[in-house]
Structure formats: structure tokens, C-alpha cells
Amino acid sequence: MTAKKKTIYKKRQDRKFLVGRLYTDYQSYVESEEITHILQMDTVYNDISNGPFIQTFKFIKYGLLFAVYHDTKTAADMVDGLAVLDSILGKSLFEQEAHITLTDRGGEFTDAEHMEKRDDGTRRTRVFYCDPMQSGQKGSLENMHRELRYILPNEVDLRSIGLTDQTSLNVAISHINSSAKEHLNGKSPFELCEFMCPELAQKLYEFGLQKIEKDEVNIEDQMILVEEYAMRHKRFSFRSLLEHSAGHGKSYIIVSFMSVLELMKTGILSISQKELFGDIEIEYKPQNKEE
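Here the sequence shown stands for residues -9 to 281, where the numbers follow the numbering used here.
Simulated from the structure, these hints should not be mistaken for lab results.
Any given hint could turn out to be false.
In silico lysine-lysine, DSS-like type, Cα no more than 30 Å apart, as pairs [said to hold, decoys possible]: (1) 51 - 81; (2) 275 - 264; (3) 193 - 81; (4) 224 - 264; (5) 63 - 201; (6) 255 - 224; (7) 177 - 224; (8) 63 - 6; (9) 63 - 177; (10) 177 - 193; (11) 63 - 107; (12) 201 - 224; (13) 224 - 193.
Estimated spans, in silico, between C-beta atoms of each pair [what the hints assert, rightly or not]: (14) 271 - 21: 48 to 56 Å; (15) 19 - 223: 55 to 63 Å; (16) 215 - 19: 46 to 54 Å; (17) 39 - 143: 39 to 47 Å.
As the structure is a computational prediction, the values presented were derived from the model and not from experiment.
The C-beta atom is built at its ideal place from N, Cα and C for all residues, glycine as well.
Model the full assembly from the supplied sequences, consistent with the hints where possible.
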């Protein structure tokens, strides 16, 4: 007689945090209160076991991205990240610019009460949640993640390409916010924010974000330097390229990586990894170069 297979029941997650915070509640609140200042929030990471974890925020009104670096991804970390942004802006400005915070139902975002309220009991924001499997409901932030992934690709050890702390993350975010956007009529998020809310821009600059001028680091010029390095070394690790660029600062390193990606698209370089999150191996492919 065959033994009856034991049924294993998945522990039901407490959904009390969703009460009054569903996407339909969000829509009703925005419409009734005529809310225009909305903050969207999410997390980006490659290695769920070891991190790092990037808590992302987008100020919808200005198309502006902000992010907090974490070594772990707990609900307490996300509360702390929101508190960091609150402290940077100050109570009054934060409440003005983040009247509503829209996020997904990831386990790291379940502590709605502590995200909404400060330790002194005052309200900093109102948190609402997208419907399950509906990331498009915060599509504005998801679209910005595509830009972030251009600098910090999937299936790569993010620390190995220079993302080691908040300072290095600030450099990546600064590049994104300094780039002109078609949907902003050719302006960058920094330019729009400086015009519409200079106080917010100044607070973020004081924290460490910086407006990178278009001619400060030129990707086209850097592509030439990276290709010359590849021609000399033929096959090399991205780590060695970082060491070669180390004296130029974090912004230079990020532009170097972006240049590698552009050269990969043309077929001049190929990239491989022997193991997931291992070091990135780069190989020069002169046969693919157009004459």
C-alpha cells in the first residue's frame, strides 16, 4: 500500500498592511485630493543572498531618481531608507514632495505603519501598494530601472564593477539624472527639478548627488580609450580595467563600463563569466570591427 503523500501548506502572509492601501484606494485618494507629488519606490538587486540592494525612489513630478544602498533587504532596511530620504529633505519638504508613496507588495515593504510614520508619531507619507504582478502600475519607476540597468546590468556582481557603497551609487544615479530625457522635452531631471523645486535639488546635491555636465566625461572618447586598452591586452578582466581607471574617480569608472557595453553591442568586445556573479572577462574581437 502506497503511503499517502503529506500535504504541505504554505504559511499565509499577514495582509493587514494592505487594508486601506490597495491600488484602488490609491486611485481614489489621488483623485479626491488632487495629489500631484507622488513618490514611487522599489528595490533593485542581482544577488538575493549577498546583495547589495538598491532601494529606488522616483519623484514623478520631476522624473528624478534617488536611491539608498543597503547590504540587506529587510522591512526594517526599507523603513530606514525612507527615513534617510526624510532626513535629507527635512520634514516639511519631504511631506510636500512625497505626499504619497506607491510601491509593490514585496516582503521588504510590508511595514507600512513605520514607513508612513516617524518615531515621534508624525506622518511622513501615505503608503499604497500596486496590485499583484502589476509592476506597470508604477511603470514610471520601472522605466527608470532600465536606465539603471544600463550601468548596473543583471547577472553581474555589482560590487565587482564598483558598486560598494552609497557614494558609488550616488555617481550612478547622478549620471541618470544628468541625462536629457525625451519625455522631459530634452531636459534632464536635474534641470527640471532645479527650475520647479530648487530646494529639493539643493538638498540632493548636499547629500552627494551631482549634476554632471555633458562634456565632463564623454562616452565616445572613453570608448576609444577602452578599445585601445583592449587592443593591447586582447583578453582581460573588468577588474583589471577598473584598476587601470582607479585614479580617475568613480564617475570615470562608470563611464568606462558604459563604454564596454557600447563596444559589446558593436561586436568589438565580447563579455563572459565563468560563474554567476564571477569576474567579468572581456575579449577583443578585431575581426568584428568595421573597416
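Evaluation of the provided hints:
At most 30 Å may separate the alpha-carbon atoms for a hinted pair to count; residue 51 and residue 81 meet this at roughly 19 Å. Between residue 275 and residue 264 the alpha-carbon distance is near 19 Å, which keeps this suggested pair within the 30 Å criterion. With a C-alpha separation of about 12 Å, the suggested pairing of residue 193 with residue 81 holds against the 30 Å cut-off. Between the alpha carbons of residue 224 and residue 264 the distance comes to roughly 18 Å, so the proposed pair stays at or under 30 Å and holds.
Distance check on the hinted pair: residue 63 and residue 201 sit about 29 Å apart at the alpha-carbon level, within 30 Å; holds. For a cut-off of 30 Å, the pair hint linking residue 255 to residue 224 stands: about 17 Å separates their Cα positions. At roughly 39 Å between alpha-carbon atoms, residue 177 and residue 224 are farther apart than 30 Å, so this suggested pair is violated. Using a Cα cut-off of 30 Å, the hinted pair residue 63 and residue 6 holds, with the two alpha carbons roughly 21 Å apart.
Using a Cα cut-off of 30 Å, the hinted pair residue 63 and residue 177 is violated, with the two alpha carbons roughly 34 Å apart. Under the criterion of a C-alpha separation no larger than 30 Å, the hint pairing residue 177 with residue 193 is consistent with the structure, at around 20 Å. The hinted pair formed by residue 63 and residue 107 meets the criterion: a straight-line CA distance of about 20 Å does not exceed 30 Å. Taking the CA atoms of residue 201 and residue 224, the gap is near 35 Å; set against the 30 Å cutoff, the hint is violated.
Simply put, residue 224 and residue 193 have alpha-carbon atoms about 45 Å apart, too far for the 30 Å limit, and the pair is violated. Hint check: residue 271 to residue 21, Cβ distance near 53 Å, so the stated range 48 to 56 Å holds. Roughly 57 Å separates the CB atoms of residue 19 and residue 223, a value that falls within the hinted 55 to 63 Å. The supplied range of 46 to 54 Å is met by residue 215 and residue 19, whose beta-carbon atoms lie about 51 Å from each other.
At roughly 18 Å, the beta carbons of residue 39 and residue 143 sit outside the given window of 39 to 47 Å.
This entry does not satisfy hints 7, 9, 12, 13, 17, going by the numbered hints stated previously.
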